[in-house]
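Participant: Same order as they appear, the protein sequences are chains A and B. Reminder that position 19 of the first sequence reads as 19 in UniProt numbering, one-by-one numbering, no gaps. Reminder that position 233 of the second sequence reads as 233 in UniProt numbering, one-by-one numbering, no gaps.
Worth flagging that the hints you see were computed from the coordinates, not collected in a lab. Keep in mind the model is a prediction, meaning the values are calculated, not measured. A virtual CB, placed ideally from N, CA and C, is assigned to each residue, including glycine.
Negatives, chain A to chain B, calculated, CB over 12 Å: (1) Phe51; (2) Ser58; (3) Gly63; (4) Glu68; (5) Phe75; (6) Thr192; (7) Val223; (8) Ser248; (9) Ser258.
Just so you have them, the derived chain B footprint on chain A, three or more residues with Cβ under 8 Å: (10) 18-25; (11) 31-42; (12) 118-126; (13) 129-139; (14) 205-217; (15) 263-276.
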Amino acid sequence: MTSPEIIRPKAKQRPGDRVFSASALISGSLILAILAAVAGFLMLQGIPGMFADPESVSIYTEGENFVEFVVPLIFGTLWAAALALVMALPLAIGIALFISHYAPRRLAQGLGYIIDLLAAVPSVVFGLWGANVLAGAIQPSFVWLEENLGWIPLFAGPVSGTGRTMLTAAIVLAVMILPIITAISREVFLQTPPLYEEAALALGATRWEMIRTVVLPFGRPGVIAGAMLGLGRALGETMAVAMVLSGSGVIVFDLIGSVNPLTIAANVALRFPEAYGINVNVLIATGLILFAITLVVNSIARYIVNRRKDFSGAN
Amino acid sequence: MVSTVSPPQAAVNPLTAGRLPAAAPWGILAGSLLASTAVFALLQVGSGEEDFNIVGAVFFGVVGYVLLVYIVSRLIEGSRRAKDRFVTALVGLAFVVAMLPLISLVFTVVAQGSGRIDLDFFTLSLRNVLGEGGGAAHAIIGTLLMTGVATLISVPIGLLTSIYLVEYGRGRLAQAITFLVDVMTGIPSIVAGLFAFALFELILGPGTRVGLSGAAALTVLMLPVVVRSSEDILRLVPNELREASYALGVPKWLTILKVVIPTAIAGIATGVMLSIARVIGETAPLLIAAGFSNNFNFDLTEGRMQSLPVYVYYSYISQGTDFQPYIDRAWAGALTLIAIVMILNLAARLVARIFAPKLGR
Chain A
1 MTSPEIIRPK AKQRPGDRVF SASALISGSL ILAILAAVAG FLMLQGIPGM
51 FADPESVSIY TEGENFVEFV VPLIFGTLWA AALALVMALP LAIGIALFIS
101 HYAPRRLAQG LGYIIDLLAA VPSVVFGLWG ANVLAGAIQP SFVWLEENLG
151 WIPLFAGPVS GTGRTMLTAA IVLAVMILPI ITAISREVFL QTPPLYEEAA
201 LALGATRWEM IRTVVLPFGR PGVIAGAMLG LGRALGETMA VAMVLSGSGV
251 IVFDLIGSVN PLTIAANVAL RFPEAYGINV NVLIATGLIL FAITLVVNSI
301 ARYIVNRRKD FSGAN
Chain B
1 MVSTVSPPQA AVNPLTAGRL PAAAPWGILA GSLLASTAVF ALLQVGSGEE
51 DFNIVGAVFF GVVGYVLLVY IVSRLIEGSR RAKDRFVTAL VGLAFVVAML
101 PLISLVFTVV AQGSGRIDLD FFTLSLRNVL GEGGGAAHAI IGTLLMTGVA
151 TLISVPIGLL TSIYLVEYGR GRLAQAITFL VDVMTGIPSI VAGLFAFALF
201 ELILGPGTRV GLSGAAALTV LMLPVVVRSS EDILRLVPNE LREASYALGV
251 PKWLTILKVV IPTAIAGIAT GVMLSIARVI GETAPLLIAA GFSNNFNFDL
301 TEGRMQSLPV YVYYSYISQG TDFQPYIDRA WAGALTLIAI VMILNLAARL
351 VARIFAPKLG R
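Kindly generate the complete structure, drawing on both the sequences and the hints.
Facilitator: Following this line, the structure appears as structure tokens:
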């Protein structure tokens with residue numbers, strides 16, 4: 001069977017149209033160019049740092065090379081972000097459920113705004129608060145943790161006197177990524193088809209049983225995507241960690257001790273202002289590694305989000 | 001005469017039998033908090049400490065509530081409803097726990113920061129200031145200049161990109177741009193700073209730190225936010241409006257300019273304001289790219305430029321021997337920063353509400 005040939009009259013090309021579509025196209029392509037430039041310039045400046053003669057790099061400790069320098073930092077970055085995610089995820093799901101299914105309808109939107117306010121607080125303010133308020137307030141509970149749970153390697157101690165430890169930094173990070181995870185989870189929870197919810201309730205389910213059997217399975221991809229985006233933010237977060245954590249390039253699992261690992265981003269922020277010569281390239285190289293890690297995490301998150309086109313992480 | 005009819009039993013409503021009254025959870029909460037307060041008050045008297053441990057009292061009161069409500073409900077209502085009440089308590093608790101840092105943060109910043117909010121703070125720089133005095137005017141000007149330039153660059157590019165994605169883009173290039181905008185959203189802020197530094201080092205020589213470089217870093221962070229928000233808004237413009245315009249013979253570019261954008265302008269403005277609010281608090285990229293300074297600098301192409309977030313950071317880490325004025329300045333800077341961000345956020349929401357197009361229906 002042949003379909004009748006469709007005659008598409010060619011639209012008249014006006015100069016205004018051409019200028020407009022060309023400038024839109026150029027702007028779009030500029031995004032590609034900028035991203036390529038970010039990767040390109042980081043590589044151009046970073047790769048010499050990776051292969052620099054260890055003798056000439058003054059920020060290495062004696063006999064260290066680039067791999068030995070960067071592995072503890074990668075560990076610290078992943079460790080801090082993972083801890084923050086473990087703390088933030090259950091809390092974020094709880095808050096999202098509270099706003100979407102528990103709070104009175106009229107209050108719900110306002111409560112959502114309040115959580116969004118957390119996202120608006122600049123990271124340097126979080127750092128100031130974490131170092132001056134939280135660290136001091138939480139230090140006594142570290143003493144308690146060491147006395148009572150000291151047999152767990154995570155709380156082995158000896159306890160840091162200032163409270164500026166990995167656990168404190170992870171709590172600050174958790175607070176910072178909470179709004180992202182909450183926002184995306186809330187959005188998917190609200191998209192649960194009401195008919196399913198009503199069907200579950202009509203069959204005699206309590207509210208929790210309805211949530212467990214309908215809302216959570218429906219929202220799972222969204223929650224996972226939100227968690228990955230939160231993880232991406234925690235990996236790249238700089239100032240809060242740099243100000244709260246008193247760390248160095250070591251691999252330590254103890255959460256409350258005075259010796260703590262440092263993250264890539266915080267290390268760059270602390271060392272960059274005084275860095276000179278080849279040290280700058282070494283620090284840029286660590287930034288390149290951070291860029292690669294967050295790229296992978298965010299791509300996975302976007303892949304999960306885009307499988308469900310109905311919602312997106314940016315809104 | 002004695003009546004043989006026994007007085008009627010209180011009617012049992014089968015729908016509410018075996019259920020706790022609505023006020024019961026609140027009663028349990030109040031009781032649990034009272035009991036915990038009493039225990040901690042006794043402990044305080046016993047140990048002779050001065051401060052009442054309010055955190056401990058509230059904490060154990062709430063934990064007691066969660067356990068009690070579960071037990072009581074299990075005894076009266078059965079295990080399924082008990083679990084439901086348990087989860088309700090936990091979910092409510094999660095929200096309260098999340099509020100604690102926000103309340104503590106806002107409270108501390110206002111309490112500590114308001115001391116140095118005076119005329120000096122907004123008119124003086126830190127030039128030749130040791131110890132007390134000085135201000136943050138140079139940092140505020142730097143922030144305004146760098147954020148302003150970043151806005152001037154990223155708004156036209158971002159808006160045109162979103163127009164491309166919504167009105168023109170089909171096929172592979174549009175898909176690639178959408179994906180890469182998402183990727184760009186996830187660039188860590190410090191990486192953007194390193195990029196700007198690397199870029200300007202190649203152009204202007206090693207170790208260059210200028211305001212323009214900071215603005216470039218902020219642009220990288222701001223552009224994807226502008227694109228995403230305006231794209232979402234442009235997609236909300238009803239297709240009927242476009243089709244009506246085409247049907248009247250209006251060319252596509254005029255349709256976009258005179259129909260689509262005016263309809264979406266409130267949403268676009270909101271998105272731009274929110275993206276400014278996002279980048280105005282960025283510290284790490286400016287620390288890397290623009291450096292820090294104690295002096296006024298109005299020239300984006302020459303010399304280091306201070307910004308408000310970096311000012312807060314430096315006041316905190318480079319405390320002198322007499323550290324109190326430095327800490328005070330850091331808190332005052334933080335308060336100013338939070339105030340700016342909150343005002344931008346509120347203004348954005350107001351704009352969205354007031355100027356939202358009235359589409360009818």
